[in-house]
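Q: Below are the chains, spelled out letter by letter.
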Amino acid sequence: MNTLTALQSVPYILPEIILAVGICVVFLVDLFIKGENKETVGITAFAFFLAAFVSLTVSSNPPAFLFSGMLVSDSLNTYFKYIFLTSGAIATLISMSTFTSRKINSGEYYALILTATLGTLLMSGSSNLLTIAMSIEIVSIVSYVLAGYNKENMESSEASLKYVLYGAMSSGIMLYGASILYGLTGKLNLHEIYIFLANNSVSTYALTFSVLMILGGIGYKIAFAPFHFWCPDVYQGSPTPVAAFFSVAPKAAGFSLLLRFISLTFTNDVTLANWIPALEEIGLREIFIVVSVLTMTIGNLSALSQTNVKRLLAYSSIAHAGYMLMGISALSLRGAEAIVFYLTTYLFMNFGAFFVVDYISKKVKSEEIYAFKGLKTRAPFLAFTMTVFLASLTGLPPMAGFVGKFYLFSALADAKLYLLAVLGLLNSVVSLFYYWRIARAMYLEDALTGEKVEFELGSGLLASVLAGFTILLGIYFNPLSVWIQNSMTIYFG
Amino acid sequence: MELAIFIVLAVLAISSAVVVITQKSPVYSVLALVSTFFALAGIYVLLNAYFLAMIQIAVYAGAIMVLFLFVVMLLNLKEQYYVENPKKIIGGVLGLAFVFALLFPIFEIEKNLVPESQMPVGDAYNIGIRLFTDYVFPFEIASIILLIATVGAIVFTKKHS
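In order, the protein sequences belong to chains A and B.
Read left to right, the first sequence gives residues 1 to 493 (my numbering).
Read left to right, the second sequence gives residues 494 to 654 (my numbering).
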């Protein structure tokens, strides 16, 4: 096993260090710029995301456990870091186009986005119960502040308060579960816990309970049922760029943590084919089957009756978490690959949908579906990109979402979970109804006013890049899927 | 003897914790929380964690609780009245069931605990060594959490002109 000391580990966490430096620099830049020069802070933050991204591409470190086993660095972790840095950068760009006043466009805001991204990077690298708890805590605390950032807005404050209450509760539950797991095994490091569980028998009841409670803490970040209640209120109340960020980065981080936790604790097999008996005893597969069915069904059925587009997208993001959880219940390498692929496509399509909603609601001053009526004449280009994102979220070919779903369902078929696959397909059909409602409002219904929605070049560019990726990954997905297959070597020491 | 002390401390901790959430006056709640923290500090001493016990009293029972009291008095909070809500009973029953479900795993843990003879002494020296070698990374993460929590508090309290 390659376990490095603190000093040896430093080159491995270069992106994290760059982000941490970025947090401080953004504060300083904010101090020194004067007047209404609102873009400077955002550009600085974006530059640091870019620098972290570049440092990730140029570094080539062999897989290892870092900081005496606190973190793990392997190709899966690296892949996830790309996802987080990209979503942080996109969130920064959306924020710069949305927040027009210098007051909101402040150093604190971008420092919070940088910190949240740093937290997600740490979440995906955690291999120790202590680091898991602390990295989740970073992301949570930042999220509370970001959710309530729009202080003048009552809904935003409500979102923040609800988030704090749920977050505190789920952190408590998770820590209690972790303490039971520590009590059972005497280890904090996930790999050492695996070694203990493989060689000793522990009480199944206590183990089930502790794993369930830890899953509760992770599940709160992913927003799977029954830990999803905060999600619609928080997404609706938060500033839209923040909601877009919440729906992608912490969710992806939760999934990477989930993959890491399950694989490190219950196996040391790189092909994820052999699991220790404890996994069967606590019925982890069954737990995930139930949770995924619950999550996607609740998400989709609740989305049907929504009239607020942000709330609708919040329920849709719950449903998508449910789809990805199906991949977890396959408990196979192909399931894990499918999740990672799905997350990548989800990054582009969900950010895109939130971005268009943000843009339109800012111009039209409404987040209801009727604000989208007749958008084909009022803003033809944005209506087209929105249709691309919605089709992809539904999973229609030739969009990226279709390929993601295809991988998921084929992983399920591989694991012989046919009933689950059928339920997932039925859920996709249900989701067609509510995504179609937005598309119908845009194309088939008459606009309330004939006034054109003002078109901004930067926003148009961002929307077309996101839509471009959504289409491209639906047609030419082979390089990405090869990349993901090569990234799926989890390091077990 | 140790068991007797533990039981006294545990009962004190739990009963004052119950007082915290049942008292209608916030000041009494805060004072009860102080006594919970003292009882916890006693339990830390029983676990050989002397340094942690000291910190618990100095930081939590001392500094933080004084701040709490300050805030409560500054805001001049009146007695809080609860809205009666039938959902509360369901919540209470579920919560109690959860507590009992939580109690069982604890009895399973006992056999794997570290034997007392091998239990290290939690003094400042040992904690310092561990904190700056094996646990240096979580220690640094904690600094980021504190920084961002401070920033968050300022964001929420800052007045826009």
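No lab work stands behind these hints, which were simulated from the structure alone.
Note that beta-carbon positions come from the ideal geometry of N, C-alpha and C, so glycine has one too.
There may be inaccurate statements among the hints.
Here are the in silico distance ranges between beta carbons for each label pair [said to hold, decoys possible]:
1. A:Leu-165 with B:Ile-548: 42 to 50 Å
2. A:Phe-32 with B:Tyr-618: 38 to 46 Å
3. A:Glu-451 with B:Ala-590: 18 to 26 Å
4. B:Phe-597 with A:Tyr-418: 45 to 53 Å
With a Cα cut of at most 25 Å, we get these calculated DSS-like pairs of lysine-lysine [as the list claims (entries may be wrong)]:
5. A:Lys-34 with B:Lys-581
6. A:Lys-162 with B:Lys-652
7. B:Lys-580 with A:Lys-38
8. A:Lys-38 with B:Lys-581
9. A:Lys-38 with B:Lys-517
10. A:Lys-151 with B:Lys-652
11. A:Lys-151 with B:Lys-580
12. A:Lys-373 with A:Lys-151
Q: Any hints from earlier that this structure breaks? Give me their numbers in increasing order, please.
A: Of the numbered hints, 1, 3, 4, 5, 7, 8, 9, 11 and 12 do not hold.
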